[in-house]
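Enquirer: So you can see what is in the structure, the chains are spelled out below.
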Amino acid sequence: MNDAYHDNNNFLCEAPSAAANDTVIAICDLKKAFGDKVVLSGIDMNLLRGENLVVLGKSGSGKSVSIKCMVGLLTQDSGSLKIFDKEVSELSVTELKMLRMKVGFLFQSGALYDSMTVEQNLEFPLTRVLKLKDKNGIRASVEEVLEGVGLLDAINKMPSDLSGGMRKRVGLARTLILRPEIMLYDEPTTGLDPITSREISELILQMQQKYKISSIIITHDMACARITADRLLVLNQGKFIAEGNYEQLEHSPDELVRSFFK
Amino acid sequence: MPLFSSFTKPFASAGDQAVFLGHFFRNIFQRGFEWNEFLRQCYIIGNKSLSLVGITGFILGFVLTLQSEPTLKAFGAESFVPSMVAISVIREIGPVIIALICAGKIASSIGAELGSMKVSEQIDAMEVSGANPVQYLVVTRILACIIMIPLLTLIADALALIGGYCASNISNKVNLTLYFNKAFSSLSFTDLIPAVIKTIFFGFAIGFVGCYKGYNSDRGTESVGVAANSAVVSASLWVILLDAIAVQLTSVFAYN
Numbered sequence: 001m002n003d004a005y006h007d008n009n010n011f012l013c014e015a016p017s018a019a020a021n022d023t024v025i026a027i028c029d030l031k032k033a034f035g036d037k038v039v040l041s042g043i044d045m046n047l048l049r050g051e052n053l054v055v056l057g058k059s060g061s062g063k064s065v066s067i068k069c070m071v072g073l074l075t076q077d078s079g080s081l082k083i084f085d086k087e088v089s090e091l092s093v094t095e096l097k098m099l100r101m102k103v104g105f106l107f108q109s110g111a112l113y114d115s116m117t118v119e120q121n122l123e124f125p126l127t128r129v130l131k132l133k134d135k136n137g138i139r140a141s142v143e144e145v146l147e148g149v150g151l152l153d154a155i156n157k158m159p160s161d162l163s164g165g166m167r168k169r170v171g172l173a174r175t176l177i178l179r180p181e182i183m184l185y186d187e188p189t190t191g192l193d194p195i196t197s198r199e200i201s202e203l204i205l206q207m208q209q210k211y212k213i214s215s216i217i218i219t220h221d222m223a224c225a226r227i228t229a230d231r232l233l234v235l236n237q238g239k240f241i242a243e244g245n246y247e248q249l250e251h252s253p254d255e256l257v258r259s260f261f262k
Numbered sequence: 263m264p265l266f267s268s269f270t271k272p273f274a275s276a277g278d279q280a281v282f283l284g285h286f287f288r289n290i291f292q293r294g295f296e297w298n299e300f301l302r303q304c305y306i307i308g309n310k311s312l313s314l315v316g317i318t319g320f321i322l323g324f325v326l327t328l329q330s331e332p333t334l335k336a337f338g339a340e341s342f343v344p345s346m347v348a349i350s351v352i353r354e355i356g357p358v359i360i361a362l363i364c365a366g367k368i369a370s371s372i373g374a375e376l377g378s379m380k381v382s383e384q385i386d387a388m389e390v391s392g393a394n395p396v397q398y399l400v401v402t403r404i405l406a407c408i409i410m411i412p413l414l415t416l417i418a419d420a421l422a423l424i425g426g427y428c429a430s431n432i433s434n435k436v437n438l439t440l441y442f443n444k445a446f447s448s449l450s451f452t453d454l455i456p457a458v459i460k461t462i463f464f465g466f467a468i469g470f471v472g473c474y475k476g477y478n479s480d481r482g483t484e485s486v487g488v489a490a491n492s493a494v495v496s497a498s499l500w501v502i503l504l505d506a507i508a509v510q511l512t513s514v515f516a517y518n
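Keeping their order, the protein sequence lines are chains P and D. When we follow this note's numbering, the leftmost residue of the first sequence carries the number 1, and every step to the right adds one. When we follow this note's numbering, the leftmost residue of the second sequence carries the number 263, and every step to the right adds one.
Any given hint might turn out to be false.
[To be verified] Residues from chain P that face chain D, not an exhaustive set, calculated with beta carbons under 10 angstroms:
1) S115
2) T117
3) P125
Hint data in this document are derived by calculation from the structure and do not stem from the laboratory. As the structure is a computational prediction, the values presented were derived from the model and not from experiment. Where a beta carbon is used, it is the ideal one built from N, C-alpha and C, also for glycine.
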């Protein structure tokens, strides 16, 4: 394993206060299994403020499981998972709800509510989570984020009328409308054509710059990784096996790591 | 080990259902009741089942009259046909048949809808956004079933009496006022009230089972079909079980 990876992560487990100011997510020895199948066998990682961290890995390597643990959709078996210095597994229901307002999650499919129009999809978190009542203010927020993802024309459409790329953009807009400080992207470009994939990747980069968001991007699309990544981690069989920037990992001595770049 | 798990599985499932029931009751009284979604569900459940329930009710009364009339005629008691149809439909056959039809139509559609929302991660998306999916999806659907299924049953009962009147008119010319006078004179509130109360429980069982099966379905498209199917089977079973309990309670408290 990459030495830099060890050096970078040891401080998380041993002396979190040293880098705590800049660390928004700190994971130490996180383990998760489903029955006999071990998915995460003790991962360590950190996400720094304003950083785009790309997690690479084969299908079934535990990438999605790791980010679902971060938002409390799954509970880890052991280990520490801190977001904004708070242990996620120890949060009360109200505290978890507050945390989820700061952490956006873009699902692989977009996960749009298919019985609602695009506008109603975007209004949903504003009226239910922020409890906003002002209809003009809500409409203005919806139009602003839709304009940000370039889909203002689709405001009255149903999700079934949208293409795969448009659904992901609307999903991104629905997440961004709550102004999260952290974004978790679960394979944002999977199933899209190369042009739309590139557009989505550039959109992720724009959102990072515009809203100063820290992001974890789960992907095995190397074009997306090259555009968006400040730093990459490679997950294999429930463990991170390498860390570095795009160029470093492209020339890694590890054959498995290099194979992602071919 | 498989023997042990097959023994513990029903208990684990009962425990899960108890927890789900707890979530439902806790969320009824939370702030921010979803009135629009509740009314939308009332419309969907009521309006979209109305034709099926109406036709079933009409045919129920029609067939019951045609079947019973020759037998009663043999004893010279054909004047009791309206009373017999009214009592049997309102007390027992109407609520049970309509509840079983609703179990097939409503429980399956709720199970399939929530199951597909689970599979397509829409429920997870609601949860991670900080919204409350139980309040939005479960509470509204169960309450809509509790309100609409008794109303559908009353409509079906009324149409069953009209069906009975039409059937009586095939063999004899029967006066409408006379027919309904005969039907209602044999009925009392002790026939109607217990029947309405039990349809409230049928509505709860149908809504709850549909929501539980859909909300807790596995990942994968196959599980949507499984959720819909098991919702119908479980809801039908609950309807019959609750009816058996209701009949016992009614005979103890209402007819003594």
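Enquirer: Taking the closest Cβ pair, is S115 (chain P) under 10 angstroms from chain D?
Expert: 8 angstroms, holds
Enquirer: Holds or violated: is there a CB of chain D closer than 10 angstroms to the CB of P125 (chain P)?
Expert: Nearest chain D Cβ about 5 angstroms off; hint holds.
Enquirer: With 10 angstroms as the cut and Cβ atoms as the points, is T117 (chain P) at the interface with chain D?
Expert: It is violated, given that the least Cβ distance between T117 (chain P) and chain D is near 14 angstroms, above 10 angstroms.
Hint compliance for this structure: hint 2 is the single one not met.
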